[in-house]
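Visitor: The task is simple: from the sequences and hints, build the whole structure.
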Amino acid sequence: MSVPYERTGRSRQKARTRQALVAATRELMARGENPQVEDAAEHAGISRTTAYRYFPNQRALLTAAHPETGRRSLLPEDAPSDPLERLDLVMKAFTGLTLEWEPQLRASLRLSLEPGGEQPMLRQGRAITWIEDALSPLEETHPAVDVHGLAVAIRSATGIESLIWLTDIAGQSREQAAETMCRTARALLRSSVEL
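Every position in the sequence shown, counted from 1, becomes a number in the numbering used here once 4 is added.
A portion of the hints provided could be inaccurate.
As the list claims (entries may be wrong) - Quick list of the computed label-pair ranges, beta carbon to beta carbon: (1) ALA191 x SER15: 43 to 53 Å; (2) TYR56 x GLU31: 17 to 27 Å; (3) SER85 x GLU198: 11 to 21 Å; (4) GLU144 x GLU46: 52 to 62 Å; (5) ARG35 x GLN176: 18 to 28 Å; (6) ARG187 x ARG63: 34 to 44 Å; (7) ARG114 x GLU179: 16 to 26 Å; (8) GLU143 x ALA19: 35 to 45 Å; (9) ARG16 x ALA174: 40 to 50 Å.
Derived by calculation from the structure, the hints in this document are not laboratory data.
We treat Cβ as the ideally placed atom computed from N, Cα and C, and that holds for glycine.
Guide: Written out as structure tokens, the structure reads:
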């Protein structure tokens, strides 16, 4: 079994090269480009040959450019106990991340929809966990509410998929779309606790 190029010798230098290629890709995507490996290499000042050792194709490059966060919660340490206030804080942060990472998220969504591609490209529910965290006081105040189900419903009306529909189809500005997603999240929460 062969050892991947990045795991042989000079690992720190290779990590820096990889990071430079990913950073270049993200910069190009932020400009509205759909970079190939050679584009990222040129932008990073790295040879094409070297770049292809790290990323054999555009899909691998764009996958690596997908934003990552280790955050387990989007709430501040002094978060309020009211679920609506907590949800507002999480949705503001979540929509902010969606707007900030829009080019990378659009690319990941597009790649996840391509036939024959390795699945899954998207990150399997991190936002649902953040929303569940916001809604956690409902477990005591409204035990009949399915917190996970509500978090899934809220997530289904927010995130990159909703942003794309609201901006590209409905014609809203990004700011309007963010507010629409936050308003929808509040409405879903209110309807769940009123039932």
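Visitor: Of the hints given before, which are not true for this structure?
Guide: none
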